[in-house]
Amino acid sequence: MRILGIDPGYAIVGYGVVSYDGYNFKPLGYGAITTPADMVFHRRLSTIYNDMLSIIDTYSPECVGIEKLFFTNNHKTGIDVAQARGVILLALSQRDIPIYEYTPLQIKQAITGYGQAEKHQVMEMTRNFLKLKCVPKPDDTADALAVAICHGHFSNTINTNLR
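The sequence shown lines up with residues 16 to 178 when you count with the working numbering.
If you are wondering where the hints come from, they were derived from the structure by calculation, not from laboratory data.
Glycine included, every Cβ here is placed at the ideal spot set by N, Cα and C.
Heads up, a few of these hints could be off.
[Unchecked claim] Derived lysine to aspartate or glutamate pairs resembling EDC-like cross-links, with alpha carbons at most 16 Å apart:
1) 83 x 116
2) 41 x 77
3) 134 x 154
4) 83 x 95
5) 152 x 139
[To be verified] Label-pair distances were calculated between CB atoms; the ranges are:
6) 34 x 135: 22 to 28 Å
7) 61 x 143: 22 to 28 Å
8) 61 x 147: 28 to 34 Å
Full structure from sequences and hints, please.
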């Protein structure tokens with residue numbers, strides 16, 4: 016199974032593509048879509064959308080795991096991230112790719128076995144799962160790979176499909 020993991024954002028969208036055979040994960044590609052802070056917001060959304068289509072076309076994922084939004088104190092940032100997440104979901108939907116969403120707690124649980132794990136623990140376990148020499152940067156990329164691994168672990172008990 017070829018899984019695309021996405022950590023949504025509007026300044027940085029992390030993505031990671033892995034193959035999973037039911038036992039082992041293999042990294043196929045990863046990186047980040049970035050938009051400059053001085054870019055008009057609707058242009059940032061357009062860049063994210065177009066780059067996401069390019070990633071989809073390059074890697075041909077069979078399914079996508081995406082992190083659910085978690086609102087903290089800054090609701091304006093949350094709203095902007097939600098808009099970016101919307102254009103990502105639109106791109107995926109237009110390519111008819113099954114979409115599954117996971118909470119940060121589910122991702123941490125799938126990667127470390129502990130839902131309250133710290134960020135560095137998740138990143139190190141992601142590196143270990145994929146047999147990488149170092150944790151991918153930026154952090155959003157490592158987070159996206161963790162989402163892809165999470166989906167692989169949950170793929171036998173799917174009930175979070177947004178399709």
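Going down the list of hints, with the structure as the test:
Using a Cα cut-off of 16 Å, the hinted pair residue 83 and residue 116 holds, with the two alpha carbons roughly 6 Å apart. At roughly 15 Å between alpha-carbon atoms, residue 41 and residue 77 fall within 16 Å of each other, so this suggested pair holds. Restraint check for residue 134 and residue 154: satisfied, since their Cα atoms lie roughly 9 Å apart, inside the 16 Å limit. For the suggested pair residue 83 and residue 95, the alpha carbons sit about 14 Å apart, so the restraint of at most 16 Å is met.
Among the hinted pairs, residue 152 with residue 139 is consistent with the structure: their alpha-carbon atoms are about 12 Å apart, no more than 16 Å. In this structure the hint that residue 34 and residue 135 lie 22 to 28 Å apart at CB holds, the actual value being about 26 Å. Hint check: residue 61 to residue 143, Cβ distance near 37 Å, so the stated range 22 to 28 Å is violated. At roughly 32 Å, the beta-carbon separation of residue 61 and residue 147 lies within the given 28 to 34 Å, and the hint holds.
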